[in-house]
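J.: Here the protein sequences line up with chains A and B, keeping their order. Each residue of the first sequence is one higher than the one before, counting from 435 in the numbering used here. Each residue of the second sequence is one higher than the one before, counting from 1099 in the numbering used here.
Note that these hints are calculated values from the structure, not bench results. In this text, all values refer to a predicted model and were calculated from it rather than measured experimentally. Where a beta carbon is used, it is the ideal one built from N, C-alpha and C, also for glycine. Be aware that one or more of the hints could be misleading.
[What the hints assert, rightly or not] Calculated Cβ distances over 12 Å to all of chain B for the following chain A residues:
hint : residue
1    : Arg468
2    : Asp494
3    : Glu563
4    : Ile574
5    : Gln585
6    : Leu641
7    : Asp648
[To be verified] In silico SDA-like links for lysine to any residue, alpha-carbon gap of 20 Å or less:
hint : chain 1 : residue 1 : chain 2 : residue 2
8    : A       : Lys642    : A       : Leu613
9    : A       : Lys642    : A       : Ser479
10   : A       : Lys577    : B       : Lys1126
11   : A       : Lys560    : A       : Gln585
12   : A       : Lys458    : A       : Thr497
13   : A       : Lys577    : B       : Phe1129
14   : A       : Lys458    : B       : Arg1306
15   : A       : Lys495    : B       : Lys1298
16   : A       : Lys560    : B       : Met1123
17   : A       : Lys577    : B       : Gln1130
18   : B       : Lys1298   : A       : Ser479
This is what each chain is made of:
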Amino acid sequence: MVAEFTVRTRHLIKEYVMGTIVVKALQGIDLEVRRGEYISIMGPSGSGKSTLFNMIGGLDKPTDGRVYIDEVDIAQLDAFELAWLRCRKIGYIFQTFNLIPVMTALENVTLPMIFAGLSMDDAIDKGVELLKRVGLGERIHHKPHELSGGQQQRVAIARALANDPAIVLADEPTGNLDLRTGRDIIMLLKQLNEEKGVTVISATHDLKMIDVSDRVIYIRDGKIDRIVHREELDLQVGRVEGEEAG
Amino acid sequence: MKGRKRGSAVEESGIERQITLPLGMAIKISFQSLRIRFWRSIITTAGIFLGIAFLVSVLVSTSITNAVIAEAEEGIQARQIWLIAISLLVTVIGITNAMLMAVTERYREIGTMKCLGALDRFIVELFVLEAGFQGLAGSIGGSLTGVILMTLASMARFGARNVISHYPVFEILIWVVGGIILGVILAVVGAIYPAYRAAKLPPAEAMRVEI
Chain A
435 MVAEFTVRTR HLIKEYVMGT IVVKALQGID LEVRRGEYIS IMGPSGSGKS TLFNMIGGLD
495 KPTDGRVYID EVDIAQLDAF ELAWLRCRKI GYIFQTFNLI PVMTALENVT LPMIFAGLSM
555 DDAIDKGVEL LKRVGLGERI HHKPHELSGG QQQRVAIARA LANDPAIVLA DEPTGNLDLR
615 TGRDIIMLLK QLNEEKGVTV ISATHDLKMI DVSDRVIYIR DGKIDRIVHR EELDLQVGRV
675 EGEEAG
Chain B
1099 MKGRKRGSAV EESGIERQIT LPLGMAIKIS FQSLRIRFWR SIITTAGIFL GIAFLVSVLV
1159 STSITNAVIA EAEEGIQARQ IWLIAISLLV TVIGITNAML MAVTERYREI GTMKCLGALD
1219 RFIVELFVLE AGFQGLAGSI GGSLTGVILM TLASMARFGA RNVISHYPVF EILIWVVGGI
1279 ILGVILAVVG AIYPAYRAAK LPPAEAMRVE I
């Protein structure tokens, strides 16, 4: 069954209770993402981007509303199915890279394949291939602390793609990187999106991301402020680059 | 089946349940984690070492005394039992504390593993293996140290020839094996609660924790 929408949310609400105060991080998000799209979720910090990221990725439970991945309500999955979904269907990329510090680049990339049941040999072959693809063929046996930020993020991208996921979720993937390295990472994500047809959803406030996105979803105060399509984007590039410079 | 109730959507989508972590891989990961925190691991192991060494010393010295002086029938005294119990209790508290720290500083790593598809069970397994290895190393060392020290002490007290000719090999073997098993059990018991608590957290929450 091929669903038209890879990701769909229905009236997604998330509230955090902090002492006596209820913080409304998401206030009813309705979102539809098509297969193969490259989506950027933009918004100032505290707007609910990361919360939305966590909900879509099945990393946290919504207070109310639904998340559908390939038309399956993920709230109905048990622990095993949820683990399977995180392992096989979704690849995660984080601002802080989140590589396992005790493992080499190659071991980090092979771990999700081991979870998925691949043999060690197959996992290593594929891991090496993926690391070559992201430009780290020479550094597969390095530990994360021996790699630069950009290189760590490349390992994280290779790891996210390990089990050929349908969706790659990226939470501020360029947030800890300098301008040029960030641009390289964005281009790499875009290339992989085109090559493999993988859906990319990226929470960001990096304006460089706008250039490559099919759609940009602006979030403000836990609500969708506006959605801008690619065709409309081209008209705005001038303004965007002006903002970046300032 | 549970799946039937939820309608056919889940089954049709091709979502499966099979996620694996081969034991060999789990052992390798926990070894790496111990190696990278070598000195901390040594301290935890030393705690187990001391507790088990004390226990085995008391048992072995009593066994040898009884064997050498046939009519002595010196039992383990109540005071000694108290001392043993308290030293083992301190050992368990020490291990639990060390594991709580080891788990807390690795919340992010735990969250990441769950993002990659790890089941809660894998997280517990990794920490229990880690603690088990520390328990094994500490209690093997502790048992052997206890036996050697008490054998030498008895030799000084009763004369080497007397001790060797009456040496209660079988009994001492039981104390050694028992000490090793107990050491591993104590280490694992101390680790299970912190590991279980960490494994239960939703990944997003685990990764949000700032230390």
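J.: All hints are to be evaluated individually against the structure, with a verdict given for each.
T.: Consistency of the hints with the structure:
No beta-carbon of chain B is positioned within 12 Å of the beta-carbon of Arg468 (chain A); the least distance is around 17 Å. Chain B draws Asp494 (chain A) into its interface by the beta-carbon criterion, the shortest separation being 4 Å against a cut-off of 12 Å. Every CB of chain B is more than 12 Å from the CB of Glu563 (chain A) (nearest about 18 Å), matching its label as outside the interface. The Cβ of Ile574 (chain A) sits about 16 Å from the closest Cβ of chain B, beyond the 12 Å cut-off, so the non-interface label holds.
Listed as a non-interface residue, Gln585 (chain A) keeps its Cβ farther than 12 Å from every Cβ of chain B; the least gap is roughly 17 Å. For Leu641 (chain A), the shortest C-beta to C-beta distance to chain B comes to about 26 Å, beyond the 12 Å cut-off, and the non-interface label holds. Residue-level check passed: Asp648 (chain A) sits 24 Å from the nearest beta carbon of chain B, beyond 12 Å. Using a Cα cut-off of 20 Å, the hinted pair Lys642 (chain A) and Leu613 (chain A) holds, with the two alpha carbons roughly 9 Å apart.
Between Lys642 (chain A) and Ser479 (chain A) the alpha-carbon distance is near 17 Å, which keeps this suggested pair within the 20 Å criterion. With a CA separation close to 15 Å, the supplied pair Lys577 (chain A) and Lys1126 (chain B) stays within the 20 Å bound. Distance restraint check for Lys560 (chain A) and Gln585 (chain A): the Cα-Cα separation of roughly 18 Å lies within the 20 Å cut-off, and the hinted pair is therefore satisfied. For the suggested pair Lys458 (chain A) and Thr497 (chain A), the alpha carbons sit about 10 Å apart, so the restraint of at most 20 Å is met.
Distance check on the hinted pair: Lys577 (chain A) and Phe1129 (chain B) sit about 16 Å apart at the alpha-carbon level, within 20 Å; holds. Of the pairs offered as hints, the one joining Lys458 (chain A) and Arg1306 (chain B) holds, with about 17 Å between alpha carbons and a cut-off of 20 Å not exceeded. The suggested pairing of Lys495 (chain A) with Lys1298 (chain B) holds, with an alpha-carbon distance near 13 Å, which does not exceed 20 Å. Between the alpha carbons of Lys560 (chain A) and Met1123 (chain B) the distance comes to roughly 17 Å, so the proposed pair stays at or under 20 Å and holds.
About 12 Å separates the Cα atoms of Lys577 (chain A) and Gln1130 (chain B), which keeps this hinted pair within 20 Å; it holds. A threshold of 20 Å between alpha carbons decides the hint, and for Lys1298 (chain B) with Ser479 (chain A) the separation of about 28 Å lies outside it, so the pair is violated.
In summary, the structure is inconsistent with hints 2, 18 from the numbered list given earlier, while agreeing with the others.
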